[in-house]
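Each chain is listed here by its residues.
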Amino acid sequence: NAGVTQTPKFRILKIGQSMTLQCAQDMNHNYMYWYRQDPGMGLKLIYYSVGAGITDKGEVPNGYNVSRSTTEDFPLRLELAAPSQTSVYFCASSKGGMNTEAFFGQGTRLTVV
Amino acid sequence: DAKTTQPTSMDCAEGRAANLPCNHSTISGNEYVYWYRQIHSQGPQYIIHGLKNNETNEMASLIITEDRKSSTLILPHATLRDTAVYYCIVRVQPGDDYKLSFGAGTTVTVRA
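Protein chains in written order, with this note's numbering: chain G, 71 to 183; chain D, 1300 to 1411.
Just chain G, with the same shape it has in the complex (with noise of 0.2 Å):
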């Protein structure tokens, strides 16, 4: 039972280039998240989604897109990579409800120079 995996763990990116952040897990999970975490901060949601088909924003999208077209993948697609996005990315899953826990990924990190 892996958890939630992400890949890749390190990236570089030039300004403008883009890059598919990946996402998956194994729980059977209906929720899966995408937070960003930069340093000395803490995390901010990007997106989110309840179930494969459905995706909602969460406090900072611009500049990111995701897709759920599996309960397992939520992967988090960067357009026109800007140094501002220079983070930590990590990826979460929940069962869901009100009294539920969540599975952390181990993060990626991305710099974009």
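It cannot be assumed that every hint is accurate.
[What the hints assert, rightly or not] Heads up, simulated DSS-like pairs for lysine-lysine below, C-alpha to C-alpha not over 30 Å straight-line: (1) K1302/D - K127/G; (2) K114/G - K1351/D; (3) K165/G - K1302/D; (4) K1368/D - K114/G; (5) K1351/D - K165/G.
Hint data in this document are derived by calculation from the structure and do not stem from the laboratory.
Position chain D against the provided structure of chain G, taking the given hints into account.
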């Protein structure tokens, strides 16, 4: 959203109990209190959660005041590996209950 207030940082001695306070004075009756922690560079880790009653698991105890306006996370015998940022979170209302909102948390440093 019910917001939470936590101290920015605290130290504790290895082997002693660490008591982490959290204020959530605007909490609603059906909102749970969750605690997560984040050890440096790792993804956040779930610790414990509760609604009204005190809760205990293998990691920690959660004490919630009777009026539910505050709570305390207790790490009974802190070790150096407990050094982390601890987040107190209140889950938002039903209909919006799938989002976890993290604040700045409390940076806990366990000293030998």
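So, going through the hints one by one against the coordinates:
Distance restraint check for K1302/D and K127/G: the Cα-Cα separation of roughly 20 Å lies within the 30 Å cut-off, and the hinted pair is therefore satisfied. Straight-line distance between C-alpha atoms of K114/G and K1351/D comes to about 27 Å, which keeps the hinted pair within the 30 Å bound. Of the pairs offered as hints, the one joining K165/G and K1302/D holds, with about 23 Å between alpha carbons and a cut-off of 30 Å not exceeded. Note on K1368/D and K114/G: the hinted pairing holds, with a Cα-Cα distance of about 24 Å set against a maximum of 30 Å.
A hinted pair counts as satisfied when its Cα atoms are at most 30 Å apart, and K1351/D with K165/G qualifies at roughly 22 Å.
The structure agrees with every numbered hint stated previously.
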